[in-house]
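**Q** Based on the sequences and whatever the hints tell you, model everything.
There are 2 protein chains.
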Amino acid sequence: MHALVIGAAGMIGRKLTAELLGLGGIGGRGIDRLTLVDIVEPEVSQSEIPIMTRATDLSDPATAARLVAARPELIFHLAAVVSGEAEADFDKGYRINLDGTRYLLEAIRAESAKAPYRPRLVFTSSIAVFGAPFPERIGDEFLTAPLTSYGTQKAIGELLLNDYSRRGIVDGVGIRLPTVVIRPGKPNKAASGFFSSILREPLVGLEAVLPVPRETRHWFCSPKAAVGFLTHAATLDTAQLGARRCLSAPGLSATVAEEIAALERVAGPKAVALIREAPDETVARIVAGWPQDFDARRALGLGFRADASFDAIIRSHIETELGGRLG
Amino acid sequence: MHALVIGAAGMIGRKLTAELLGLGGIGGRGIDRLTLVDIVEPEVSQSEIPIMTRATDLSDPATAARLVAARPELIFHLAAVVSGEAEADFDKGYRINLDGTRYLLEAIRAESAKAPYRPRLVFTSSIAVFGAPFPERIGDEFLTAPLTSYGTQKAIGELLLNDYSRRGIVDGVGIRLPTVVIRPGKPNKAASGFFSSILREPLVGLEAVLPVPRETRHWFCSPKAAVGFLTHAATLDTAQLGARRCLSAPGLSATVAEEIAALERVAGPKAVALIREAPDETVARIVAGWPQDFDARRALGLGFRADASFDAIIRSHIETELGGRLG
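Protein chains in written order, with this note's numbering: chain A, 2 to 328; chain B, 2 to 328.
Hints in this document: simulated from the structure, not taken from any laboratory.
Some clues are possibly wrong.
[What the hints assert, rightly or not] Calculated lysine to any residue pairs in the SDA-like style (CA-CA distance at most 25 angstroms, straight line):
1) Lys93/B / Ala66/A
2) Lys93/B / Glu88/A
3) Lys190/B / Ala108/A
4) Lys93/B / Ala108/A
5) Lys115/B / Arg167/A
**A** See below:
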């Protein structure tokens, strides 16, 4: 099987690539060819599977046509301009997140018009498709009412994926990822960054800033769980989905206080002491508009699995990112 | 005030135009200029208000730019490729219903970048944004899960309207119209056509065909109520809408049996005897996927008003279309 990962240089894209190479296949079928693309050329380690990497610009309609011309049976579409950037640069957000997705679907349609072709397309959506006010837990039939252009573009991508799938052009599955913690790497300027950094920095002996009240509740998954959602979506029997191809992935609902309690259990009070409270009203106001909890019944029924606990999320980070050692 | 009606040659567009000309203004402001456009040049009667009519193709990005260059303060965007055609012609549906709407929003954005400009934009959406399975009554927080490309394009239009409104580019209101009965004119091939024809034809002594069981339930409004929704949307205080600019209009939920009972009360058993049952499984299957009832609480709270009864819908048709006389 030929698999294509669009957005392979991002954090989830790299972990997904590693997982695909590690497994050597997916759903009982071997991967004999892997194409990895992103706006910068993805870096890869040595592998027995032939890998082609390429820097591409998805906002050029010719890009999708070129990628799809090789007829990959499995496509992961993870590429996106992130929330903050899509809000700051209106045109760029719509160009990449909406037009880019549409070009991809249209390229598949054009290819399928030449000879039968209907790839599995796994699309990463986001809980940003939802906007306050929310019920206490967001169910599978709650309206998508985004409060950002990014969320709007993802919600439109979901509608297109559903329609192109209903038409038999593509075999789509959309997964609304929870906020991924612990993101490896350096602190970034994303409003959600602190959810990771209050764990990541103390684990290596560094100070971290907490800009919101400890009772702030949000919806999380580990990088490992996120990759698991995508590989499961790649092999799922989509007949079970009917016309509603997009799912809220099961996450963990936790407060900042619960995150910190887990950190204390795993890494002790010395780690917790490195968290410095520095209330930031702007961040607190943004975060207040975000989902806090879901009733992800559909995804659970379809075999998607959440992280077991926040302790497990932290331990998994120590294992994969810190070589098993606490700083 | 300069008002622009896009899609002015359609049934609702013509009735809206007549209403605007009759009122001479809207929300306490006079209309001193009216621009009417459609894919064919709209016909108009004499009027004291200066009217410009034009045949335009909304799938050409230059069209929207030209229309918006005159800076109309109020824009009604009713233009659409209808459900059946959007399903039959994939490209045309997306080109007019999605791209056309986006070109309009982008033209407003470009115009507002030159000098402050933020028109009220009333967008006709549709109950086709919803798809089965439904709850018994569809509430204001139910997900949009369309089962047609038309419904998909309308749902995307809603998301765009919300985002461009949130950004302050436009002051949008989207109205999900119920199925309009009694549509004046000749029977057409729309799957929903029988809902009108089983009333319209018998009222003038002609036979009509009923292709579905009498217990079939659906969601209706009169042409007059539909126009009322649009004029109310044009003057509504949009601060009340928050970020959710699109509303399910209040309609009447009725079964075919209830339609027929109203016909009997208004026009007697002779009219009812003209309805011939001719079950059509294809039509029945399509109709089974359509909404049956709504809890349109938000719109009701905002002052939108449904028709009083099916009897009133029929009487209003006799008054406006048949000069008050039964055939």
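**Q** Hints first: check each against the structure and report whether it holds.
**A** Checked hints:
no.: 1; hint: Lys93/B / Ala66/A; result: holds (21 angstroms)
no.: 2; hint: Lys93/B / Glu88/A; result: violated (30 angstroms)
no.: 3; hint: Lys190/B / Ala108/A; result: violated (33 angstroms)
no.: 4; hint: Lys93/B / Ala108/A; result: holds (17 angstroms)
no.: 5; hint: Lys115/B / Arg167/A; result: violated (42 angstroms)
Hint compliance for this structure: hints 2, 3, 5 are broken, all remaining hints hold.
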